[in-house]
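**Q** So the chains spell out like this:
Protein chains: 2
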Amino acid sequence: MALYFEDLLVGYTDSFGSITVDRDEVIAFATAYDPQAFHLSDEGGAANPIFGRLAASGWHTAAMTMRMAIDHWSTIGVQSRGAAGLEELSWPKPTYPGDTLRAEAEVLEARPLTSLPDLGVLKVRTIVFNQHDQPVMRQIANLLIQRRPA
Amino acid sequence: MALYFEDLLVGYTDSFGSITVDRDEVIAFATAYDPQAFHLSDEGGAANPIFGRLAASGWHTAAMTMRMAIDHWSTIGVQSRGAAGLEELSWPKPTYPGDTLRAEAEVLEARPLTSLPDLGVLKVRTIVFNQHDQPVMRQIANLLIQRRPA
Chain R
1 MALYFEDLLV GYTDSFGSIT VDRDEVIAFA TAYDPQAFHL SDEGGAANPI
51 FGRLAASGWH TAAMTMRMAI DHWSTIGVQS RGAAGLEELS WPKPTYPGDT
101 LRAEAEVLEA RPLTSLPDLG VLKVRTIVFN QHDQPVMRQI ANLLIQRRPA
Chain S
1 MALYFEDLLV GYTDSFGSIT VDRDEVIAFA TAYDPQAFHL SDEGGAANPI
51 FGRLAASGWH TAAMTMRMAI DHWSTIGVQS RGAAGLEELS WPKPTYPGDT
101 LRAEAEVLEA RPLTSLPDLG VLKVRTIVFN QHDQPVMRQI ANLLIQRRPA
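Quick mapping for you: the protein sequence lines, in order, are chains R and S.
Take the first sequence: its position 68, counted from the start at 1, is 68 in full-length UniProt numbering, and no numbers get skipped.
Take the second sequence: its position 3, counted from the start at 1, is 3 in full-length UniProt numbering, and no numbers get skipped.
Heads up, a few of these hints could be off.
Ranges between beta-carbon positions, derived for each pair [stated by the list, open to error]:
1) R:18 - S:114: 30 to 38 Å
2) S:75 - R:53: 22 to 30 Å
3) R:23 - S:12: 33 to 41 Å
Straight-line distance between alpha carbons at most 20 Å, and here's what the computed SDA-like set of lysine to any residue pairs gives [stated by the list, open to error]:
4) S:123 - R:88
5) S:93 - S:53
6) S:123 - R:90
7) R:123 - S:90
8) S:93 - R:118
9) S:93 - R:117
10) S:93 - R:146
No lab work stands behind these hints: they were computed from the structure.
This one's a predicted model, so the numbers in the text were calculated from it and none came from an experiment.
Think of the CB as a built atom: it goes at the ideal place given N, C-alpha and C, for glycine as much as any other residue.
Here chain R stands alone, though its shape is the one from the complex (with noise of 0.2 Å):
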């Protein structure tokens, strides 16, 4: 099965998901890439006025989003390309150890790319949820996914 731009209409909506964070792994992520003391220690999160105690990074959270999508468009077939950009980003809630995360996303515009004919950009608003049903990424994504061949 494959789901090409033209099978995206503007309104689609999915469920996807879901990933438990690993506290190992949240501590490994931010030692690769955001060393910061909230992402590293208990000590360190308790600490913070805004965690409490030890969180993931917010990369980290959009890198495990990554995954549930990636999962999920291989399941239902989507055609992803790539992606040119996102006009927002933003971790309304933190996303800690042991929390269960789901997504739900809906195609916000489409539209065919001028410069390569073969790829159309979905504009997809994307809701990671945790196991409280509290949001804990927003995103808003340009994607590139290829068009139905003729």
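Position chain S against the provided structure of chain R, taking the given hints into account.
**A** Only chain S this time, still in chain R's reference frame:
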């Protein structure tokens, strides 16, 4: 040395990095978080009309940029407490294995955080360049910075 919110005025500019993009790490990051063919192998990259060859996940570029920022901030003493989010995150050019990245940042706005008076919010634009001085990532982030103790 410590740099607080009050030390990082609008118009403050900074340059940091570099980091050289490791091919094995590109594949390892993508395997964990963004397993799309063009981030996993030469063949997958060659088949992608944007990338043309194996390219890093944009999230990996973002993560490497964060690492460059943290290494720099820890040297100059920036009292970061996290980030609320980004208003823009884009990848104007691909990042390829072997590229050497560096970043330039500028403070665009500064405001106290009313909900947590010990913190201030800096809006910072960061542009990441490759060794050809081509921009490979742009971001505008709202960073949470400790205010100077009274």
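**Q** What's the verdict on residue 93 (chain S) and residue 53 (chain S), does the C-alpha distance respect the 20 Å limit or exceed it?
**A** 13 Å, holds
**Q** Given the hint that residue 93 (chain S) pairs with residue 117 (chain R), does the C-alpha gap stay at or below 20 Å?
**A** 18 Å, holds
**Q** For the pair supplied as a hint, residue 123 (chain S) and residue 88 (chain R), confirm whether the alpha-carbon distance does not exceed 20 Å.
**A** Answer holds: residue 123 (chain S) to residue 88 (chain R) is near 14 Å, not above 20 Å.
**Q** Starting from the range 33 to 41 Å, see whether the pair residue 23 (chain R) and residue 12 (chain S) falls in it by beta-carbon distance.
**A** 36 Å, holds
**Q** With the threshold set at 20 Å, check whether the alpha-carbon distance from residue 123 (chain R) to residue 90 (chain S) stays at or below it.
**A** 13 Å, holds
**Q** Hint check: residue 93 (chain S) vs residue 146 (chain R), CA-CA at most 20 Å. Holds or violated?
**A** Holds. Residue 93 (chain S) to residue 146 (chain R) sits at ~19 Å (cutoff 20 Å).
**Q** Within 20 Å, alpha carbon to alpha carbon, are residue 123 (chain S) and residue 90 (chain R)?
**A** 13 Å, holds
**Q** What's the verdict on residue 93 (chain S) and residue 118 (chain R), does the C-alpha distance respect the 20 Å limit or exceed it?
**A** Holds, at about 19 Å.
**Q** Is the distance from the Cβ of residue 75 (chain S) to the Cβ of residue 53 (chain R) consistent with 22 to 30 Å?
**A** Distance hint for residue 75 (chain S), residue 53 (chain R) holds at roughly 27 Å.
**Q** Does the beta carbon distance between residue 18 (chain R) and residue 114 (chain S) stay inside 30 to 38 Å, or does it fall outside?
**A** Holds, at about 35 Å.
The structure fails none of the hints (numbered hints given earlier).
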